[in-house]
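2 protein chains.
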Amino acid sequence: MLKSKQNKETLNQIGEREILNRLKTFMDDGQIDDDTSIINTNRKNLIINTDVFVEKVHFSEETTFPENIGWKAIAANVSDLISSGSENIIGITIGLITPPDTEWSWVNDVYIGMQKALEKFGGKLLGGDCSQGKQKVLAITAVGSLGPLRLHRSNAQAGDLLVTSGPHGLSRLGLALLQSEEIPNKNELTENLKKQSINAHQTPSPPIDALKHLINCKPAKIPWRAAGTDSSDGFLDSLANISSSSNCSVIIDPNQMPKAKDWPKGQTWDKWCLNGGEDFEMIVSLPPSWAQEWIKLVPSAQIIGKITKGPPKLLWKNGEEIRIKNYSNFTHF
Amino acid sequence: MLKSKQNKETLNQIGEREILNRLKTFMDDGQIDDDTSIINTNRKNLIINTDVFVEKVHFSEETTFPENIGWKAIAANVSDLISSGSENIIGITIGLITPPDTEWSWVNDVYIGMQKALEKFGGKLLGGDCSQGKQKVLAITAVGSLGPLRLHRSNAQAGDLLVTSGPHGLSRLGLALLQSEEIPNKNELTENLKKQSINAHQTPSPPIDALKHLINCKPAKIPWRAAGTDSSDGFLDSLANISSSSNCSVIIDPNQMPKAKDWPKGQTWDKWCLNGGEDFEMIVSLPPSWAQEWIKLVPSAQIIGKITKGPPKLLWKNGEEIRIKNYSNFTHF
Chain A
660 MLKSKQNKET LNQIGEREIL NRLKTFMDDG QIDDDTSIIN TNRKNLIINT DVFVEKVHFS
720 EETTFPENIG WKAIAANVSD LISSGSENII GITIGLITPP DTEWSWVNDV YIGMQKALEK
780 FGGKLLGGDC SQGKQKVLAI TAVGSLGPLR LHRSNAQAGD LLVTSGPHGL SRLGLALLQS
840 EEIPNKNELT ENLKKQSINA HQTPSPPIDA LKHLINCKPA KIPWRAAGTD SSDGFLDSLA
900 NISSSSNCSV IIDPNQMPKA KDWPKGQTWD KWCLNGGEDF EMIVSLPPSW AQEWIKLVPS
960 AQIIGKITKG PPKLLWKNGE EIRIKNYSNF THF
Chain B
660 MLKSKQNKET LNQIGEREIL NRLKTFMDDG QIDDDTSIIN TNRKNLIINT DVFVEKVHFS
720 EETTFPENIG WKAIAANVSD LISSGSENII GITIGLITPP DTEWSWVNDV YIGMQKALEK
780 FGGKLLGGDC SQGKQKVLAI TAVGSLGPLR LHRSNAQAGD LLVTSGPHGL SRLGLALLQS
840 EEIPNKNELT ENLKKQSINA HQTPSPPIDA LKHLINCKPA KIPWRAAGTD SSDGFLDSLA
900 NISSSSNCSV IIDPNQMPKA KDWPKGQTWD KWCLNGGEDF EMIVSLPPSW AQEWIKLVPS
960 AQIIGKITKG PPKLLWKNGE EIRIKNYSNF THF
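Protein sequence lines, in the order shown, are assigned to chains A and B. Under the numbering used here, read the first sequence as residues 660 to 992, first letter to last. Under the numbering used here, read the second sequence as residues 660 to 992, first letter to last.
None of these hints come from the bench; they were simulated from the model. Only a predicted model underlies this, so the values are computations on that prediction, with no experimental measurement involved. Please note that a few of the clues may not be correct.
[As the list claims (entries may be wrong)] Pairs of lysine-lysine residues, derived as BS3-like cross-links and limited to a Cα-Cα distance of at most 27 Å, are as follows: (1) K845(A) x K667(A); (2) K877(A) x K955(A); (3) K845(B) x K775(B); (4) K845(B) x K793(B); (5) K783(B) x K783(A); (6) K667(A) x K793(B); (7) K783(B) x K793(A); (8) K793(B) x K715(A); (9) K877(A) x K968(A); (10) K984(A) x K972(A); (11) K703(B) x K703(A); (12) K715(B) x K715(A); (13) K793(A) x K955(B); (14) K783(A) x K845(B); (15) K703(A) x K783(B); (16) K793(B) x K703(B); (17) K793(A) x K667(B); (18) K793(B) x K984(A); (19) K976(B) x K920(B).
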């Protein structure tokens, strides 16, 4: 257990009113006096997203500090907003459920992690609710404003290139290192790759600058049409979602897998790259001329395949179908 | 158990993707293809609220049909928006957590209840997320637009009258009837009061028209300043919140308790009225001239006391302090 040892006070000792009072210190103004919070709007459309994070389903206290649980919950929601076209995060609300014998320090550390993430990505804590329950749950709703580009999973078209904002598999490797799993070729791993992987697992940073570049580099003659999603549930999974929502085939070049620098070779490594999960990179389907401009501006971005007419399927370049089930896969049911 | 007997299919048999597909039918457009939803804004400020509803803490399947669980979750959030000044509900997102052996029909019925409530109160289902977990949880975030009156708990001032939009205790009586509890004076209960109470417990209706009247009847010379909250956690509890947030004393006239027509006399009945909980009425603190206009327009509204200078306390008219703990009280920790 990585849990902080200080402050052993438990929530049932503190009581609901005092818990809310303490949480108030994490907020900019007195929203906890009221049940609601204001969102200032200035004619822009807003974009909203809700994600739930359940103990033992989405996070484990064995491998994740409470502060990192808070950070990751924010990062996952911000990732959804970014990959929908929101470059300006307004704020989040949180529904927090914890067993009554949870220590206050756990809640405090989760909120510190959320606060740090919001400092990095923008946006503020707007409010929320808390209750006791059998297991820990964070339900996060994030609100951002939408710029000129609304990315939908269903917007891909034959002829598009598929581009990702960065490498995949790092978070899965970070988890393996933190859990002291058996790792093939472990001795070959560079210090830099290990550090990068643990960071990717503990404090992932969704690619907000990559979205800004994507918006700024659109060739003038092309309309604001691109498909996008994030790869939070795995690289192949996000491609499968674009393929089915857009009703088209996706072709991936095995020589263009989105691997990090110094990523080892081998079956486990390919699996972790293709569907390790929690990578929080953008996967975008867009016209070739736009794609070429984007990868010039985002050093970590990479073309990984293309869209063709055909049934919703993932195919290797040689025409062989990719079976996602052959790769490790996330499911929440 | 009141649970529906049809469709015994469980969620782990159905799988995550198919669950999301089925939930899509409850939405106006294809937001489930994406992780986010658009909120159209037109220069107004928005107001946002998150509430969590946890099985065995906030609801029990023994006394509540799944459809009513969905309705009540929406009503509770709408109540928070109304009592903050939002007369226009834009929509909600839902984070749904259920054990894997939950029957699909349960989820379906909860969504039908939410849909019916949204048809009544306005707003649409914007999106959400689902996951497995040890117990059922609904985490609802509601968004509304704000009119000219922002009600804060902290806005009460000495000289204000306290007014509620309607009677209290009905939901608690409804629960007692549904649970076949021992009820004193049970034979005296009118059929109308029983029916009204069961409705108040199963399908509560937050007073959206009362808010509209409150906004429309403000005397022109008075500024847009009033304190407000809803009585979802009990009548006395909401008064205590106004008292502490506004740092003033609250004086209640025992002859002006907000009782329903034909409400019986006796200690249990006073307790249920004063802190039965889940009443979802507005409690507003406002200047006397405004209060007088409001009660003319809202037949169920009633003056219940006043605000005076003094420490945050609830007092009877004779100066005796009201101890909330002497009345049944909600707590979620």
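Each hint, compared with the structure:
no.: 1; hint: K845(A) x K667(A); result: 38 Å, violated
no.: 2; hint: K877(A) x K955(A); result: 12 Å, holds
no.: 3; hint: K845(B) x K775(B); result: 32 Å, violated
no.: 4; hint: K845(B) x K793(B); result: 38 Å, violated
no.: 5; hint: K783(B) x K783(A); result: 25 Å, holds
no.: 6; hint: K667(A) x K793(B); result: 25 Å, holds
no.: 7; hint: K783(B) x K793(A); result: 30 Å, violated
no.: 8; hint: K793(B) x K715(A); result: 10 Å, holds
no.: 9; hint: K877(A) x K968(A); result: 24 Å, holds
no.: 10; hint: K984(A) x K972(A); result: 13 Å, holds
no.: 11; hint: K703(B) x K703(A); result: 11 Å, holds
no.: 12; hint: K715(B) x K715(A); result: 21 Å, holds
no.: 13; hint: K793(A) x K955(B); result: 47 Å, violated
no.: 14; hint: K783(A) x K845(B); result: 51 Å, violated
no.: 15; hint: K703(A) x K783(B); result: 19 Å, holds
no.: 16; hint: K793(B) x K703(B); result: 40 Å, violated
no.: 17; hint: K793(A) x K667(B); result: 25 Å, holds
no.: 18; hint: K793(B) x K984(A); result: 26 Å, holds
no.: 19; hint: K976(B) x K920(B); result: 23 Å, holds
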